[in-house]
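> These protein sequences, in sequence, are chains F and H. If you count by the numbering used here, then the first sequence holds residues 1 to 390, one letter each, in order. If you count by the numbering used here, then the second sequence holds residues 1 to 390, one letter each, in order.
Rather than coming from a laboratory, the hints here were simulated on the basis of the structure. Hints are not guaranteed to be accurate.
Treat identical chains as interchangeable: a pair holds within one or across any two.
With a straight-line Cα cutoff of 25 angstroms, these simulated SDA-like cross-link-like pairs (lysine to any residue) come out [said to hold, decoys possible]:
(1) K250 <-> T240
(2) K386 <-> D302
(3) K224 <-> A41
(4) K250 <-> S306
(5) K224 <-> G264
(6) K339 <-> G254
(7) K250 <-> K339
(8) K250 <-> G308
(9) K224 <-> M209
(10) K339 <-> E249
(11) K127 <-> D266
There are 2 protein chains.
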Amino acid sequence: MHISPTISAAFGPSYRNVQVGQVAWLTPRTPLMLECGQSVARVPLAFQIYGQMNADKSNVILVCHGLTGDQYAASVHPVTGRAGWWSELIGEGLPIDTNRYCVIATNVLGGCMGSWGPKSIDEATGKPYGIHFPVVTIADMVNAQVALVDALGIEKLFAVVGGSMGGMQALQWAVAHPARVCAVMPIATSSRHSAQNIAFHEIGRQAVMADPDWCGGDYATHQKFPSKGLAVARMTAHVTYVSQASLAEKFGRGLQNRDAVGFGFDADFQVESYLRHQGKHFVERFDPNSYLYITRAMDYFDLAHSAGGVLAQLFAKSPVRFCVISFSSDWCFPTAESKVLVQAMNSAGANVSFAQVITDKGHDAFLLDVPEFKSLVHGFLEGCAKVKGV
Amino acid sequence: MHISPTISAAFGPSYRNVQVGQVAWLTPRTPLMLECGQSVARVPLAFQIYGQMNADKSNVILVCHGLTGDQYAASVHPVTGRAGWWSELIGEGLPIDTNRYCVIATNVLGGCMGSWGPKSIDEATGKPYGIHFPVVTIADMVNAQVALVDALGIEKLFAVVGGSMGGMQALQWAVAHPARVCAVMPIATSSRHSAQNIAFHEIGRQAVMADPDWCGGDYATHQKFPSKGLAVARMTAHVTYVSQASLAEKFGRGLQNRDAVGFGFDADFQVESYLRHQGKHFVERFDPNSYLYITRAMDYFDLAHSAGGVLAQLFAKSPVRFCVISFSSDWCFPTAESKVLVQAMNSAGANVSFAQVITDKGHDAFLLDVPEFKSLVHGFLEGCAKVKGV
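Modelling step: build the complete structure from the supplied sequences, incorporating the hints.
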């Protein structure tokens, strides 16, 4: 919730508070070279810090968020007023124990909560970038995080932890910056975005871009907002985050505030009402262009691409300790995809453990109160902390 | 393709050709009472007939279509120019052999290929019904088919066969009109639409209704057409019709006409291009309001509802012979839902066989060239024909 004086001082005069939270204006030693070819000399990155860094800064855990997450992992979200998305996991006495670890959570590049993204003002035009923002990748997101970690004077992170797209970032850290991180937990993720996931993302993007209020990405200038398109995108994605079994159990064919179907197009069924609610609330907190950019970053993620498709090659001689976690009912990032990762790590002789948590909560399980998952996170971090003497 | 003189004569002067195909104007003995409470004295139903009826009209198979199908099961579609959706299955020497059987395929109530639907002109206003069309159900669709079968002088159908929503109609025939049908094949279907399927349908409807060109359902009057919304709806549905494995095998992360990703929002990936193609072509042949109505009819389908939720009760003393078929990779209508049906039928002592076809083609398998499926259809019909002496 607060930046300790030591850390905020690291940014000197370029540090400032903005409405959505704390933002570091980073000036990396060498400009940030994006994968698309553009370079950025100075980049704003929003972040939150939970807990205190120890003297040698060896207790820092970087927590990476998923598609629609942000830096408010363990504190109240300033827009929604709701608890942080990992408030079950991060805090005093919780699996990621802020009495022991210092947790940094950033908002990704391309995001809409203060980091450099399509909502940011393009200094060349004085207007928001909109779709003139460069297409960023998971590697770009991680490189910006590296610049932040540098600015904070942290030599080596104790751990990088994340679920879904957060897991992609965690993997990217392990592969691109293996000397900068001790332990990595990729949760409910994959080394490459699947065709089905690309398909669902493309549907979401088409829904946003089909909304005339999207205005070719320039809705801010036109004082419009493609809320209907973004709501449809969110509804589609949301169905992929939950399991068929959990929808059946939670809602089944239950009716919403009525005894019989209404022979019309109102939300007769609870599941319809629930989905509409999901769509409606999402548009209050998320930027439609950010949705396009971040889904694109996930689509582009293919860890083995740089190694000619040979995933194992990336983990040969890796000093990183891994714990890969999947959820049995996750059909968005199925256990099979975690196993591909684990197999590659094992065949390269990497230090990896793997657990599949049995649950009917689907992909969203990593955001929910799942005791077995929580003890896995706790146990793995404890084990690594013992070895590293943290 | 042609109506035999005997049959067309059955309609007398009220029979006529319309652009989309042959339409019977049915005047049932008692008005059609829709489940929503409205009654209809005279209803147009479009249909096609393949093969010849035998003298005692005992060789008639009613083929029921899925959500976006129509009466052109085995003949060229007049709008798209493509082969019928079951041209693999229906024809001379094919599993539903038109040398032996007479196949009738109707366009469902609520459809857009000539049957009474939201595109039809409301005589009260002289304009298309739009969303003033009554919400019809699977039972209503079947009752209209019964009126057609009556008009054609068919006492008892040899079989009713259908996949997906067609399977729902087949089940409805068996339960509501058991004396009018010998054999029923419900394929890739369920006794009740699942919460997940309702969710995906609701997304599709929201996509259509979010398109300003939908004009509150009155696009025809305003000379508009919500093609973007309908395309998004189709893309969403289409992903549910194919399996994750088939998308991975067919497209994987393959790029579309390029060597590297384009760092933009064009269709970089083949799977994106494929989906856009699906959306684009669908809007050329389908009516957006029909999409709303037919998805709603599927959502409302809950066979056991009338029996207090006890499915088995519906099959007690059923004279119908059943063959239930599912496909291993169908996650839209999973095998588990077919097993619920089979268990209920078995526990009621009904004559039922069941087969799960192992395939990675997903829900769409029932529309594709799957040899094992085709021999199941052939074999079951042959077996029933032997018993019935057809």
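> Each hint needs a verdict: does it hold in this structure or not?
Cross-check of the supplied hints:
no.	hint	verdict
1	K250 <-> T240	both (15 angstroms within a copy, 21 angstroms between copies)
2	K386 <-> D302	neither (33 angstroms within a copy, 57 angstroms between copies)
3	K224 <-> A41	neither (31 angstroms within a copy, 48 angstroms between copies)
4	K250 <-> S306	between (43 angstroms within a copy, 23 angstroms between copies)
5	K224 <-> G264	between (30 angstroms within a copy, 23 angstroms between copies)
6	K339 <-> G254	between (36 angstroms within a copy, 22 angstroms between copies)
7	K250 <-> K339	between (29 angstroms within a copy, 22 angstroms between copies)
8	K250 <-> G308	between (44 angstroms within a copy, 21 angstroms between copies)
9	K224 <-> M209	both (13 angstroms within a copy, 19 angstroms between copies)
10	K339 <-> E249	between (28 angstroms within a copy, 18 angstroms between copies)
11	K127 <-> D266	between (39 angstroms within a copy, 24 angstroms between copies)
The earlier numbered hints that this structure contradicts are 2 and 3.
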